[in-house]
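> Grab the two chains, each in its own frame, and use the hints to assemble them into the complex.
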Amino acid sequence: MRIVELKLEAFGPFSDRVLALGGAADPGLCVIYGPNEAGKSSALRAIRGLLYGIPQQSEDNFVHRHQDLRVAARLCFQDGLTAEVVRRKGNKQTLVGQGEAGALAVERLQALTQAVPETVFSHFYGLDHQVLVEGSRSLLEDGGELGRALFGAGLGIVHLRQLIETLEGEAQALFVPRGQKQRIPAMITEWKELQRVIRDSALDPSRFEEQSKVVEGLAGRLAWLEGAIEATRADLSRCRRLKDARQALARADEERGDAHARIAREIERETALVLLPSILASLEPIESLHQALGAYRETRDQLPRREEVVTMIAAEIASLSTSLGTGWDAEPVLRRIVERSRRVRELVADAARFEDRLGKELESEREARAVVARLTRENGEGEGRKAEATLDPEPIARALSRAQKLGPIDAQIEERRGQHQALKQECARTEAQLSLAGWTADRLEALALPPVSLIQLHAKRFAEHAGERARLVERRRVLVEDRISTGEELGRLRGEGSLLSEAELEAERRERDQLWRSVREGLLEPMASGERASRQALGTRYEDRVRAADQLADRLRSEADRVARGAALFAQAARLDAVAAELEREAVRHEEAWRALDSDWRAIWPEALGGPGAPESRIEWRERVDGLFALYARSRELDLAWVRQRATRSVAVRGIREALCPGESAEGSVDEGLEGWIERAELELGRRTAERTRAREQAQLRAQAEVQLERYVHGREHAEAQLENWRVSWTAEVAGLSLPADTAPRDVEAHLDTLQRLLDRRSKLVDARLRVEKMNADAERFEFECGRLVASCLPEILDFAAEPAALRLKRELDHARDQATRANALQLSLAEARDQLEAAERRQVACVEDLRTLVGAASETSDEELDLDRLAARIGTLEERLVQQGDERTSIFGELSLQRSALETMDGNAKQAELAEQAEAQRAQVLGDVRRYAELAIARQILEQEIDAYRRANQGPLLEHAGRLFGELTRGAYPTVLSDAGDDGKARLVALSASQREVAVEALSSGTRDQLFLALRLATLAASIERSEPMPLIADDILIEFDDERTQATLEVLARFGERTQILLFSHHRHVADLAGSLGDRARIVSL
Amino acid sequence: MFRFLHAADIHLDSPLQGLERYPDAPVEAVRAAPRRAFEALVDLALEERVAFVLLAGDLYDGDWKDYNTGLFFVAQMRRLADAGIPVQLVSGNHDAASQITKRLSLPPNVAHYASRRPETTLLADYDVAIHGQSFAGRRVSEDLAAGFPQGDSGCFEIGLLHTSLDGRPGHAPYAPCTVEGLRSKGYAYWALGHVHQREIVSRDPWIVFPGNLQGRHARETGGKGASLVRVEHGRVVDVVQHDLDVVRWARVEVDVSALEHPDDALSRVRDALSAAVAEADGRLVAARLTLRGATPIHDALVRAPERWIHEYRSLAIDLGEPGVWLERVDFATRDRRDFDALRDRDDALGGLLRRIDRLQTASLEFGRAGEELEELKRKLPAQLLGGIDVSDEDRCDPTDPAWLRARLPAVQDLLWSRLLEGEDPA
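Heads up: the protein sequence lines correspond to chains E and P, in order. Quick note on my numbering: the first sequence kicks off at 1 and runs consecutively. Quick note on my numbering: the second sequence kicks off at 1089 and runs consecutively.
Hints may be right or wrong, so weigh each one.
Interface residues of chain E toward chain P, partial, derived using beta-carbon atoms under 10 Å [as the list claims (entries may be wrong)]: (1) S122; (2) H123; (3) F151; (4) L167; (5) Q195; (6) E209; (7) K213; (8) A791; (9) S792; (10) L794; (11) P795; (12) K911; (13) R923; (14) A934.
Okay, the calculated bits of chain P under chain E, using three or more residues with CB under 8 Å as the criterion [claimed, not checked]: (15) 1110 to 1120; (16) 1172 to 1186; (17) 1203 to 1216; (18) 1309 to 1316.
Read the hints as simulated data drawn from the structure, not as lab findings. Since this is a predicted model, take the numbers as computed values, not measurements. The beta-carbon is built from N, C-alpha and C at its ideal position, and this holds for glycine as well.
Bound-form chain P, shown alone (with noise of 0.2 Å):
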């Protein structure tokens, strides 16, 4: 019997997006997260006195130059090296990018599996054979799987690869093969990367994407971390997720519908992160926050947003440790008023409603507002508007018709708020 841990997507050194600092956030707790929850991983396989480990890619970002990154790695190698544990590493679409995998040299305990072609590793300790082939570079569109030796050795034998499998959501298509394919080669266990959500695709044979090991955005959400593998009798017996992230992403939704005043919700918003926290067990939860309903108080929240999201940003703070980092606040709350017998009022209210609405179809003519919206974008630089993996939902582009669209709902509850509710006190 023996173990090893199946681990990917590290992303090493890759900061979490979307954190906007404010007074007393906590800073420190987020400090470095994917390194730390790297040590976690190699914390557990010297806990576990796992037999290897296996790493399936992205173990670095591509466009990331410091190569203190690569020391850091392979400090924690030796500390696995000093325990007898031998790590296998195939680089992903992003290691093939970095200029840190061409240069660092590697202890001895991590074997780097060529891009060429397969390669395979034997462990005799363990009867364990390792077939792997890392990316050549960025994108890589064949079916490297394809090339993978047929399993005919008759000891346990492992499949390490990057790839997107026959296409996940979010992720590009690299390295494209079938579940068919992959059992087509009769190993034991395929120990794949590059998807972030963790997914066990099959258990005959066992075909697991552990997930990333660092949730980087708010899209990441819930338990991130390992997959420890246990084989008996050459057979894998169980596969247990560690989760051992340090930041742990999550999506608070909170209904106000039901309330009569915005000082209401703050006990809500208070149950609904204390909930969080208890379920992020211990970890700091960066959380996106989401007011929902149609609601009496919706006029007074978008009247003055600012306001309440220091309100709630300071509960989050009183929560005390491990704490909890509101990445965002979203108010996607609606009074209960009836905007479509509002917009058929033959009247300034009603021309201005029906001019907004016009807007979500028509061609946005905004005069010297786009000039300036055109000049603004003109000054954003690119990399700062680009991101990575930058979703519908937080992408930013002052220019594009449809982000503009999107924001009308917020310009329509700014003008009625200030036109009819009265002075905005933020």
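Next up, chain E with everything else stripped away, as it sits in the complex (with noise of 0.2 Å):
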């Protein structure tokens, strides 16, 4: 099948575009070329497309929406059926036919690619550059395996020894025999081991009722121990009531008799004590007397000292009133002066304030005045400087932050002018490193001097030449060592003996045959008179060639291996030859193709420079070259730099001059520095700014000082004011005192002081006088409650004063009160004592009573038994009994815990059936692992011995076609390929180079590999073809990398190919398609 034309209607980039791919006679070679993003891509997918569908997910909508997708092509079939089918976007027939014909075609085609699914045609009918290396680099991997090769390429796959590699490891990974690490065997291992703790661990129904026994007679053996002890408390806790009994009973006798000796003690004591009842009946009169005792003595001893002081100030009020004269005594007088004395103290120190104050005031004026007058007079010497103060600094200070601004530009200035000169130094150097001395930049950048990657180009060209040559040289070489060695071989033949042919013989045979017939013709005719001695003659001769003959053939049967060796030898000589003439050919035409890439060379100069060398000369060269243009750019750029600089320091030395000195010309040199001009700028500025400032400070002082000055004038004239109304106040108040107006203050006050004190004293004095005659009387009164005491009481001292007699009653009255304390301590004590008697009895009584009660419970109780010795060793040996009871008690209780634990564990739990259906996941895990190793396993052995088989029956005529294949496509290098023995006995591939030498798989260079590969799968393909309606093989730029000699040959080999089938080559390679255009009419090209 072909097709004949291929209808992008709606696909990919393309619309409407028609590629007309071949006729049913024209050739099959077809070559696609399209430069990057012509669409050779989305062609090829619209191949697939018209084939087997367009994709659900098309990536071909960029153009046109998903469902307008059309692909359409007229199609040839082997019978010469022909007719346009339509394939469009959807789900169900999608491909139509026009017509009759056209329905057919589209039966046929559908065959086709039922017999043909899609991921087949990619491989058998799909070849593209990856899988041409891919190919060649499995051949190299498997190193030339020939039944490999052979299935691979009739499958068209590259990945086969992967593909056997990657089952045998997966199939590994879960089985190997021996293996222990792998899946299943691990898996198998953890299976056994859990079905072994299943089984160890099942409860036993025999272990469950051992268990059960334990658990009863344990807990049968715990409860007759817990009736023990029981029983022991019991007897232990009667005896222990026995002994306390017994011990309360000695225990109250004792106190009994205790008490009755407490009574008498107490008894007699009491009678021992002497009581005063009199005394005590006036308790508390004596006790108040003996407190007022202490102020009866403190008046008798104060009342001489008391009227003594009355003495003492009715004398100073004597005296007082002497010294004030008449007139004073007036009490009401007195105090009304008192009274007014306030006001007028008050007065005297507001004098001394007033006058104060204003003295102060009067000093801060005069300092004032005199801070005033010296400040004028400071201001008034600045005068002078004032012209100079109001110089304003700002314009320098503008021009100084503009000139800051611009940095160093003095010292950048000078590096740049030293950039500039080291690079045209360089530039310099290089120049004439690069034998361009003379040249200007202008000049040099003005040649049309050829680019790095063309100079590249050429050297490429230039060294594939050389390298060409050199492989022509040597095939020269070898040939002329071969043709020397067969030579000289002949010439060992020649030197044996002279060499027979089978054309000699055969040459014999001819002349042999020819006499006969003339001796058969001389035979049947009548002998002429005459002719005897001719057929005579003709008789000899032809027995002497049938002589001749006979030994000739003999000759060549006993030489037969000579006679082959000098054939195969001259046949030999006669193809060295032949191929030294074709080299020498090939020498000429190699040499043409030289001169015309030395000339194509040569012309991408400019003649200006003279000869330009060898190429690989000359790409460091140019690349040099290119770095003086980008140096001359650098020089260029720091040059401008450097002036754009210069100008704009000079307006700023010129801006500073003008701020400088006002009204002189600013002109100066362009190269006159900045930063002298800067610091001459900022003195001046510094300076102006100083006088300014102190100009401002000296005139706010002065403000201040004269502020200061009015300030104490006006607090001088407040003082002053206010002494005066001060004096109208002092006068007033001193005329109230009956005094001279002038009386000075200080005598004023001492006027007053001395009416304050006869005040005083006079009040004093009262007071004294009512003091003593209160001590009187307290004493009189103390004397009196004292004798009336002494009276009823103690009469018998009476004779006694006040204060001994009082003494005496107190300490009458503490021994009375002593004496009753200890009557009544005494009568509790007997009660105390009388109640802890009838206790004692009581608990005797009690005592005897438990006793009796337990006695009469335990009849058999012997006195013996109620012996507190025997009782208390009773008591140890119970307690004894009943520790050891509960010890054992415990043990059993300890042990019926755990059996009881254990029994619980058999409580009809699923752990078992929880781990059985663990290990059934186990099992479910295994098998599938084992059914998925088992397909493994088939299909890499179905797979090895399928490949084996193909190989033994395909071999023969696929390695004959594959090796004129490859003989083709090396141009002759490789004449054929053969099978050969590997060490481990497996067939290999070999190549036969032209010298017959053997060559294996991995000494052939890549390219050749590609090439090999190319072979077998061509070889492959054209006995399909034998076999089966073929499909168009679909070729992308699988040529990328081979050379042109290659290429040229490769498209040889598929026009030839594309006699038998239809061969679309897709390429972005435009020298492909002028190299299939050397193939004339036996390839078609068509553009994107």
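In structure tokens form, the structure reads like this:
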């Protein structure tokens, strides 16, 4: 089947684009050329879509909508059926044909694609550069293993070895004979272990029964022990109660005796006491008297001194009255004057304060006036500097700021100048090194120099030519050696004797047969006279020829090997001569190509530079020229920047000069430095700024002093007014005191003090007299009370003074009170002793009763048993038994808990069932792995068996055809391929070189190996074509790494192949299309 | 009027088969499923206040030795005893071999029928006579029913027996008998066990297999449980089947023939699994998923089966509670390609396909692979391969030609996808 026309009605970038790919009679090789982005990939997908349908998610919908995608084609089948079909995007019946023929074509195409599914088509009828490279690499990695190489080529796949290794690897991850770590054996081990655990930990019925019995036995023992402990406890309790009762009875007897003795003692002590009831009856008056005794003593001691004070105050009053004279005795007068004294004293104090303040104000005013005068004077001296102070610093500051923003511009200008000089020197050096001394930058840059890439391209082509020339020389050398070797071999054969040939025998036989025909004709015709001799001679000649032919035949038979070797050597010599002639022609062609290349090379260089020299040397030269151009550009940039900076600096200098010296000429040199001017400007700016600051401060101080002076004048005036007001008040007050108006304030104060003192003494005298009278009354009252109590309580001391009598009464009262207290205590103690006696007697009765009860409860109790020592021993024994029984109970209880816990674990739990579930899950996994392992192992085995079977069945014809194709593709360098047994006994591919050397696949260059893989694929495809209707072979850029010669050879092979089936060769390389053009009408070229 | 409950084939503590674990598989939901189903049976008896419970054999698994299983059974029987519900129990073929059966002390409410001859229990409160006989050994080939007494007591008579009746597929022919033979006894109800598929064999008299209580593998699909029988005036009024299983086995088939991309199958699978979950009425579903159909996505599925199985498992997990456990995923799809035409090709591909095809009938010569499979078989414990009631579908024997031939379609898919469809991403 061929695609005569491909109509890209709506697909990818195409709209109604028709590609004429050939006709039934046209050449089958069609080179479809299109540069990048021309739509080559879309066209490839369009062909795939035409044959197998447009995918649901097509990437070729960027111009046309998904549902609008359409590809049509005119198809031609082997039997001549030609029709047009259309493939549209959709799910059903996407392929339709035009008319009856179209419908038939659709049917044929569907049958074809059914027999060759899309995946098979991709591999078998698709070939691209990637496949070529991978196929070549696969051949290398496989060491040319013949079976895999042929089978892989037969399927159109390149990863056969990898696939087999993957199958093997996946299978071995699951299982390896004698392996333990793979998944299956590991899982089996786990499963077995789980089974063992299930088996070992299963609860056996007998174990459950035994455990139940153990628990029951322990529970019974525990119950018995509980009863025994209870009995021991009861016995122990009784003994303890007996013991307690016995001890309590003894204690009660003892306490009764103690109580009797105590009662007797207390009665005796009570009898010894003497009580004083009359004194105790006056207890409170005596206590009060005793408390007043202190005050009485004090009064009696202080009375004389108080009377003396009264006398002294009276004398002082008399003295003061005398000093004041008359008129001052009246109490009201005195009090009125004293009341006014406060106001007078305030005025005295005001006088001092006002005078002090006036003094201070006067002093401040004087000082302020001095300051104002000084500042006024200093200000007058500063008038001379006023003119300078008014010089404005702002212009300088602005100019300076602008200049400072330029930074270290002097240094930068100098640095740029240095860089520029250095660049110019480097340019000069580079120009000299590149032999361009004398050339200017402008001239050089104006030259049309070829780019480096172009030079590299020429260098590569020169190198390829040189390599080709070397190969030609090598081939010629090998050829000459082979030719000499062949000639020598022939010489040796000839030296052994003349070399016969089948041709000589044939010629001899032809001669013999000719003579025989003459002899036979003579025999059939009557002999004429005179013919006898000639007939005899003819017969003799015939016999000689028969003999000679027989001898020749004999020699040929006897020297068959030598003859064959000779013939082979002659043939080889002839072939070598032919090859030599071809080599000569090739050398001539190569020389012509060399000259054309050299001419092209020279043509790209400007004549002004002279001869271009070798391309290799010119690559670096050209790269360095580019570097030189970059230096020129850099130099120009630096120069421009330098000029700009100098201009900027000049403007800054001019600004500063105008600010410093306004009105003067600001013109200066362009190269004048800026830093000197900046320093001058900074100095001037500092000076002007300081002057202005000082003047401002002076004015502020003077204004402040004047304000201060004004405040002081006002204060002085205020103080003077206050003093005047005081004087008026003072005059009025003094007059009120009946003193002369001019009385000094100090005298007025002294007079007032005297009046006050007189008033105070009079008051004190009254108080002193009242106090003496009261003290006398208190003493009399005490003495009367004391006398009264003595008369009633202790008449025997009536003659005692009040103080000792009071003291004696108090002593007697204390004694009487002590005796009464002792009597009360004895009464209480006696009552307590009697209570103690009664209690002891009650306990005695109770103990006797308890004992009687206990003894009565245990009638068998003997008196001996009631003995305290025996009871203690019995209690000890019982306590010991109780401890033992308790220990045993604890032990049994612990054991019972353990055994019950063990029994409780046998609770019908599902642990075993869960383990069984786990084991079942593992079993399921193992069985799944076994299935997978079997599938992998069988797949690998079947594949290997089929690879071997395919090799055995197809090795002969496929190798023969592939060998021929390989020879053509390599231009005779490798005329054929053979099968050779490798070290492992497996058949391997080897290439036979032109010199009959066998070359292993590993020894072939990668390019040659690519050709070998291509030859195998084409041979397989050719075999297929013989058997069924072929589909077009789609080759996508397979020549991308082939040089022109290989490309040409491959195109020729494909062109011949195209005579049998359609080859669609896609390429985006122009030269491929050009080379295909040289095939003339054997190839069609279509541009996208 | 009274009701009684009829169950059989409990197989306590028998693990569910084939549930290979995977991350996030609902392990807890599956745990001790037969026990929980049995608890549900007791719950139902208590709830329905039944007169008595009939257990028609195969309470345990024969080779199961853990006495805890018996103790669990006793505990459940005590629950019924506390409610005054008697239990009538005959041993089946599995019980006959069980050590538990021989040693377990049953509560007084459980009547365990002897194996030497048929025994009869009279439940006077309900005017019921129950005739039953246990299996004496694992295999009983005689017709035990024939020895049962003739029904002539005038009360409601029940025959309790573990039997395959006249034969049921997949079940050993133990204690064989016929419907006519049972009918001839004149009983009102035959409570049978042994056949795991529930079946009402006859309604006059009632001959009933209630099926097993909990499906144990992918072949025991659908609802499993017990039969609740209502009797009025000495006649069976109705027999209602109650599903008591905890895990519902289901075969979920999804037709993917119309799909263009394997991702499209995900929603189909989700829908199918959701439907199975809905049908299971709140139970966990143990599903065997089968994808079928001649489909363009066949190559994509078989090229990376592990990947898609993982996807489907994730999808099952995402369905949430009660959940789905994917027991297995079978890719029973096929491509639309014409393999017959491809086999006719006279090239490497045709040769390979013909070789695989020939193996279906020719003797299997696998060389090294065959030796490795023999070795693998030797490594596999027989117990691991055996399992219970293994069907051809689930059987595994790496040396058996039939089993190996059953692998050939998968092998063909594997080779096709690896050779022609590119690398296997799995």
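> Quick check: the region 1172 to 1186 of chain P, covered by chain E? Criterion 3+ residues, Cβ under 8 Å.
Since three or more residues must qualify, the claim that chain E covers the region 1172 to 1186 of chain P is violated, with 0 doing so at under 8 Å.
> Does H123 (chain E) pass the interface check with chain P, least Cβ-Cβ distance below 10 Å?
holds (6 Å)
> Does A934 (chain E) pass the interface hint, meaning its C-beta sits closer than 10 Å to a C-beta of chain P?
Check passed: Cβ of A934 (chain E) comes within 5 Å of chain P, closer than 10 Å.
> Tell me if A791 (chain E) is really an interface residue toward chain P, meaning its C-beta lies closer than 10 Å to one of theirs.
violated (111 Å)
> Against chain P, run the beta carbon of S792 (chain E) and see if the smallest gap drops under 10 Å.
At 106 Å from the nearest chain P Cβ, S792 (chain E) fails the 10 Å test, so the hint is violated.
> Closer than 8 Å Cβ to Cβ for three or more residues is the test here. Does the region 1203 to 1216 of chain P pass it with chain E?
Three-residue rule not met by the region 1203 to 1216 of chain P, so violated; n is 0.
> Do the numbers back the hint for Q195 (chain E), that is, is its least Cβ distance to chain P under 10 Å?
holds (7 Å)
> Do three or more residues of the region 1110 to 1120 of chain P come closer than 8 Å to chain E, measuring C-beta to C-beta?
Satisfied; 3 residues make the cut.
> Identify whether the interface hint at P795 (chain E) stands, where standing means a beta carbon of chain P within less than 10 Å of its own.
violated (111 Å)
> Answer holds if the nearest beta-carbon of chain P is closer than 10 Å to that of R923 (chain E); otherwise answer violated.
Where the cut-off is 10 Å and the nearest Cβ of chain P is about 5 Å from R923 (chain E), the hint holds.
> Taking the closest Cβ pair, is S122 (chain E) under 10 Å from chain P?
Nearest chain P Cβ about 8 Å off; hint holds.
> Would the hint on L167 (chain E) be counted as holding, given a Cβ-Cβ threshold of 10 Å to chain P?
Because about 7 Å separates L167 (chain E) from the closest Cβ in chain P, which is inside the 10 Å limit, the hint holds.
Of the numbered hints listed earlier, those contradicted by the structure are 7, 8, 9, 10, 11, 16, 17 and 18.
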